[in-house]
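Visitor: Residue numbers (the working numbering), protein chains in the order written: chain A, 74 to 465; chain B, 74 to 465.
Note that these hints are calculated values from the structure, not bench results. All the given hints hold, so there is nothing to weed out.
Derived DSS-like pairs: lysine-lysine, alpha-carbon spacing no greater than 27 Å straight-line:
| id | chain 1 | residue 1 | chain 2 | residue 2 |
| --- | --- | --- | --- | --- |
| 1 | A | LYS260 | A | LYS223 |
| 2 | A | LYS126 | B | LYS126 |
| 3 | A | LYS211 | B | LYS77 |
| 4 | A | LYS121 | B | LYS121 |
| 5 | A | LYS389 | A | LYS456 |
| 6 | A | LYS163 | B | LYS86 |
| 7 | B | LYS77 | A | LYS229 |
To be clear about the criterion: a stretch of chain A counts as covered by chain B if any three or more of its residues have a C-beta under 8 Å from a C-beta of chain B, and this derived list gives those stretches:
| id | region |
| --- | --- |
| 8 | 115–122 |
| 9 | 137–150 |
| 10 | 181–194 |
| 11 | 202–210 |
| 12 | 313–321 |
| 13 | 327–340 |
Yeah, the Cβ is synthetic: ideal placement off N, Cα and C, and Gly gets one too.
2 protein chains.
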Amino acid sequence: MEIKYADRVDSIKPSAIRELLKLTQQPGVISFAGGLPAPESFPIEEMKRISVKVLEEQGRSALQYSTTEGYQPLREFIAKRMNKSGIDIKSDQILITNGSQQGLDFSGKLFINEGDVVICESPSYVGALNAFRAYMPKFVEVPMDDEGMKIDDLEKALIENPKTKFIYVVPTFQNPTGRTMSIERRKQLIQLACEYNVPIIEDNPYGELKFGDEEIPPVKHFDTAGIVIYLGTFSKTFCPGLRIGWVAASPDIVRKYVLAKQGADLQTNTMSQIELAKFIELYDFDEHVERVRNIYRNRRDAMLNAMKEEFPASIKYTYPDGGMFTWVELPKGIDAADILKKSLECKVAFVPGSSFYPNGGNENHFRLNYGTMSEDLIAEGIKRLGKVLRAL
Amino acid sequence: MEIKYADRVDSIKPSAIRELLKLTQQPGVISFAGGLPAPESFPIEEMKRISVKVLEEQGRSALQYSTTEGYQPLREFIAKRMNKSGIDIKSDQILITNGSQQGLDFSGKLFINEGDVVICESPSYVGALNAFRAYMPKFVEVPMDDEGMKIDDLEKALIENPKTKFIYVVPTFQNPTGRTMSIERRKQLIQLACEYNVPIIEDNPYGELKFGDEEIPPVKHFDTAGIVIYLGTFSKTFCPGLRIGWVAASPDIVRKYVLAKQGADLQTNTMSQIELAKFIELYDFDEHVERVRNIYRNRRDAMLNAMKEEFPASIKYTYPDGGMFTWVELPKGIDAADILKKSLECKVAFVPGSSFYPNGGNENHFRLNYGTMSEDLIAEGIKRLGKVLRAL
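I would like the entire structure built from these sequences, with the hints used as guidance.
Guide: Quick look at the structure:
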């Protein structure tokens with residue numbers, strides 16, 4: 074039989090990265106490809122204690138259906154933690170989602186009619202682009218520099234595209250570039266969003282993984298109009314396997330996200346939400362995050378130091394102050410996909426950059442993730458990659 | 074600011090039942106309203122042992138990202154169990170979802186363009202209707218009798234609606250009616266679906282909860298053309314809090330569901346999938362399901378016996394051979410919502426029937442769930458409800 078799918082199915086493409094991951098998971102490959110967090114950072118021993126405790130104390134409710142909005146003590150912790158980072162938010166403005174990826178899908182579902190415009194950074198997070206694509210928007214890319222989205226270009230994009238439904242940004246330690254939007258730009262972004270009456274989706278999975286002392290308040294901190302929809306996650310600060318993220322927004326907006334969640338899967342895993350809340354109750358979350366940061370900081374240093382040694386001077390790359398990624402720019406005319414082929418021959422993997430550009434092009438970029446591999450393997454992998462690059 | 078949502082947002086309605094649940098969860102209310110499984114059936118002690126074992130043996134992978142398709146040993150178990158119920162399926166045709174609700178959402182996403190037709194039983198599962206509504210279909214209801222969907226009416230609906238994208242059925246111990254489609258009708262349903270080239274979504278959350286000895290093969294059992302998309306769940310046989318369900322379909326179709334899952338939330342909770350697989354490895358799942366069945370069978374008996382005693386003879390209701398629900402028909406002109414008000418005064422709750430009809434009407438029906446309350450409370454609740462009904 075010939076199946077008649079919905080029109081949107083033609084837009085739902087396999088994630089280039091998820092497909093690539095299958096290749097790179099072969100034994101012996103040093104992978105800088107996926108966005109996998111460091112498994113050394115997972116609180117396995119603590120989880121053993123917690124899971125038994127949760128089942129003992131509240132087993133019946135931990136295994137039962139619960140509310141769509143999420144486990145109340147967890148929502149309260151999130152609200153308080155956001156308050157600490159300078160965001161005025163209450164627990165009833167928090168919806169717990171299956172990772173922040175689900176918040177991205179709901180953003181597409183709630184805002185995008187076919188042909189509407191999504192403005193995003195160029196390049197942008199490929200998982201978000203894939204989530205939005207299912208709702209058939211047109212993507213308008215705004216160029217970046219080391220301070221993030223260029224504001225003049227953003228305003229031009231807003232003027233030229235009255236059907237813009239939202240501006241999607243990963244302002245802090247961005248995936249894929251590792252760049253962070255300056256405070257000045259954050260304020261200007263809010264100002265423009267208000268002026269053109271277009272909400273901002275602030276996706277902030279990496280903000281907690283900061284290596285320096287400088288405080289960079291989230292864009293949401295500067296939001297007095299309720300125009301920023303904030304997506305958070307515990308995938309990097311706790312672990313991704315439990316799939317716990319959240320949406321934080323003004324009450325009327327979050328209410329729409331709750332309705333989307335009801336239809337989509339009723340609620341997030343009850344047991345995992347309670348376990349996470351129990352971890353926060355029994356352990357010092359700040360201390361835990363500090364431990365996680367140290368792991369990533371050391372790996373960032375290992376990779377960036379090795380790149381300095383091993384990469385030819387003609388190759389540019391970003392120096393991230395947090396998060397998991399650095400972004401490499403090859404001389405124009407060189408295709409990162411060709412480099413990947415050669416690099417895989419030496420058992421080193423990364424992600425070519427073009428899939429991070431929703432409208433294609435920019436084949437001379439690639440993304441390196443320093444989060445997953447040990448420092449030794451990072452040094453060895455960069456050495457091999459440097460050899461490939463120097464042979465150009 | 075005034076937010077411009079997508080057009081579909083007007084179609085996303087709060088679930089009448091989820092809203093009602095908030096009312097009925099007040100202390101002292103005997104609730105026959107929600108679809109909550111019996112918490113006595115949850116394997117809490119076993120889960121304690123399992124969660125520690127999983128973290129000890131494979132903590133790092135249990136807390137890490139994993140594949141979109143799902144945990145392979147779990148997919149294999151599901152395929153084998155479906156094989157046992159007479160369905161020819163392989164593990165790579167299984168996608169693990171966040172409960173079967175997510176399979177419903179993806180069905181809407183993959184098949185429905187605005188204005189397309191979804192054919193469903195009348196009445197039908199309200200959670201499915203809500204999931205589909207986000208994609209703006211037109212619902213065409215097919216009347217039922219005690220053997221399920223009336224096949225002549227189904228054919229009429231297919232002829233009259235060439236834009237039909239799928240037929241949605243809960244053929245076994247249906248929610249809300251407790252009815253089961255006869256084997257003859259199952260065969261006819263497949264035949265019509267093939268003839269009109271329209272896929273069937275078979276939603277089967279209750280099939281395992283059967284009280285008698287009669288074997289009722291799933292509709293998918295009769296499917297030689299690959300036209301049935303089967304949705305299963307562990308929410309009733311294991312527990313709903315872990316949110317584990319699945320989609321089983323022909324390889325090309327399941328591939329589309331995998332892509333929808335990638336964009337929607339990357340993957341289902343890794344830890345919970347491994348825990349469930351470990352439960353299946355260490356314990357006898359058949360024995361466990363038998364224990365669960367016994368709980369529900371006793372409660373079915375408690376409720377139906379009490380109804381026989383306490384309800385006036387003018388009131389008709391179904392006699393379910395499995396599952397969690399019986400469906401009550403009041404004399405025409407009586408609104409179940411009015412009865413609910415009186416019933417809540419005596420602290421007894423149920424769900425009025427009209428929300429199960431996508432196009433409204435049929436106010437003289439309501440649904441009773443016998444799954445959640447103990448036998449004593451069932452007897453007491455039905456006694457109170459009988460009093461309200463006899464006073465009509």
